[in-house]
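Chains as they are written, first to last, in this note's numbering: chain A, 1 to 259; chain B, 1001 to 1259; chain C, 2001 to 2259.
These aren't lab readings, by the way, just hints derived from the structure by calculation. These figures come from a predicted structure and were not determined experimentally. Some clues are possibly wrong.
So the derived list for chain B, only partly shown, Cβ under 10 Å to chain A, looks like this [stated by the list, open to error]:
(1) 1011
(2) 1040
(3) 1142
(4) 1244
(5) 1246
A few chain A residues that don't get close to chain B, going by computed Cβ distances all over 10 Å [what the hints assert, rightly or not]:
(6) 115
(7) 131
(8) 162
Glycine is no exception: its CB is placed at the ideal position from the N, C-alpha and C atoms.
The primary structure of each chain is shown beneath.
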Amino acid sequence: MRRPIVTLTTDFGVSSPYVAELKAVLLAAQPELNLVDLTHAIPARSIRAAEVALRSAAFTFPIGTVHLVVVDPGVGTTRRPIAVAARGLIFVGPDNGVLGRALLEPGARAVVLDRKALWREPLSSTFHGRDLFAPVAAELACGLALEDVGSAIADPIPSTLPVVERGPGRVRGEVLAADDFGNLTSNIPAAEVDRGWRVTVGGSAATWCRTYGDAERGPLLCLAGSDGYLEIAIAEGSAAARLGATAGLPLVCERSERG
Amino acid sequence: MRRPIVTLTTDFGVSSPYVAELKAVLLAAQPELNLVDLTHAIPARSIRAAEVALRSAAFTFPIGTVHLVVVDPGVGTTRRPIAVAARGLIFVGPDNGVLGRALLEPGARAVVLDRKALWREPLSSTFHGRDLFAPVAAELACGLALEDVGSAIADPIPSTLPVVERGPGRVRGEVLAADDFGNLTSNIPAAEVDRGWRVTVGGSAATWCRTYGDAERGPLLCLAGSDGYLEIAIAEGSAAARLGATAGLPLVCERSERG
Amino acid sequence: MRRPIVTLTTDFGVSSPYVAELKAVLLAAQPELNLVDLTHAIPARSIRAAEVALRSAAFTFPIGTVHLVVVDPGVGTTRRPIAVAARGLIFVGPDNGVLGRALLEPGARAVVLDRKALWREPLSSTFHGRDLFAPVAAELACGLALEDVGSAIADPIPSTLPVVERGPGRVRGEVLAADDFGNLTSNIPAAEVDRGWRVTVGGSAATWCRTYGDAERGPLLCLAGSDGYLEIAIAEGSAAARLGATAGLPLVCERSERG
């Protein structure tokens, strides 16, 4: 691939100089990289929020993209550094569940990063993003194979996202996160439900719509989100503000008798 | 142009993964693009704020730059997707007034984006930034002409910015926005007034200065802003905080008798 | 150097269109530049905060990198625009102490930027970042020598960071800043102290640890930070929130009798 892409997902905070340090290491290894910030607004140590961010955006990137993920509360401890190949993409980060979404893909493979010759010296105890993950991500973007940077493992820590419960004519999931508009994304695949289902979020009924702009202002809306999951919104308003909560709110879909 | 520039202006929020999705589509189309964030801090659905941001920064970019603007409350409805060519630059976004500043340029031309073969499939109902505007912006940056991506229209929605009122020895405008220093920009061209004019903002008198650093601390200042419009500031302070308001505050300039 | 790097450090605010204007000027001069945001979250006019941000990240970048620093409360006054070469890097910004960290490097050289032919015309009074510093930074990144852009000076304004006080078995410094995790960095080089020293911050004792993940939750921790300075932290918490203060808090290290 010409000008390979490396994306960056961290909990360092928007505009943190730590992000610049990751980029310094990546560009020192390969000045032709295309660096893209996926997000740095993950709440500190929130593995689940990082997984949600990756879920929505990672698979929009072209084959060969390397996703560098540094949400790493266990930095410097015995938690393993890993890389995962899935659907033509590569994910690099700590083995704490943050790469769990990638591991769900059919054919996903994982390695523990154990080629110390690729790392930055001296290895700090508190910033493996800069000293270990970024140098390995650069090598992977430049063409090293997964096997060149680590040894296969069979037991990476799986996704920590909540699992959808399915019964006859019933799907029960939950709200995972809010975006900056206050729209709420969930863990229910949009393909599993449609206008023939009644949807309630935190006990309140939501009305089906196709997009925000042609919906009535006021009621809670549900629609197929652009990430492929059921979404809760309010036209020209914030569902997150209305419901006073985001992650964890139960989302229940029931096939209506008329449906 | 070598390495064409595409800028991004959205209301997605700073560090939103949606911005990364726009970049994924742009770089998948053309890895040599130079992507520049213009701003993603536009308040949700604020067409006017986006127009102000573009007014200040868009024309600093070199000829050939494509400005991708996704402030799109009507996404998925009948609002038209458009592109505008003005002063050697190209603007891509929804037909809701957000490209109004570009349309004011002499010789500006507009097309409705109707070449569906250029779009991403399937087209979502809620994210035309990713599925329609970004792919078209990439093609325009790579050399397609305006006529290659759409059909000419004569009636794009004009600027929503307030118009300046001019009378003999009097110019009346208003504050449009505050920057992060609390400096206020307006719609009054700096070239129309000078130290021979008395300036009041929200009824309070402002004192002329050339730059912040050589002005007295305390009083409201007025000066020619770096964007070419009359600016209100406070030396080492925030005019926005002092005046307790930003957009909409009346700004009146009257030629003084001594002037 | 292929694709030279220019970093940007400003107090313009995260996602400010002013940052985009800097990038417009840099890319217009040289489309092959690699632009990296170091941070734009410096508090307005805080020279010291900018120096701390640069201290941690600037020297991670490869030789040849140009660091463009625009924290410039004296813009348009008689303060000098300067450039500093230090340890293979180049720093460009106002002569107000913001480049003080670079000036501490052995062999650092400074010039006043006085080659007006390199600047943008007309020069504004309030945005030398765009009109003077960015064009000069682009030229330096493309290979101009320090002597090509200015005249040597011997008296640039030095670092404004507080100096560490050292006595027998005692080092007294202070907290300089908090990162987004609430970890506190200081001016005490980590190499000067170790587990044989008692550390107090703002009068509270801190416990030595190697990294966050293997430390007890609750107590104040001290450790060698990834930037090479003594750091104060709380495992899975915020030391900044706990101590209710950040910059200026005294940090005292005393060699313990057992040490």
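Structure-based check of all given hints:
no.	hint	result
1	1011	holds, 8 Å
2	1040	holds, 9 Å
3	1142	violated, 14 Å
4	1244	violated, 24 Å
5	1246	violated, 20 Å
6	115	holds, 27 Å
7	131	holds, 24 Å
8	162	holds, 20 Å
Hints 3, 4 and 5 from the earlier list are contradicted by this structure; the remaining hints agree with it.
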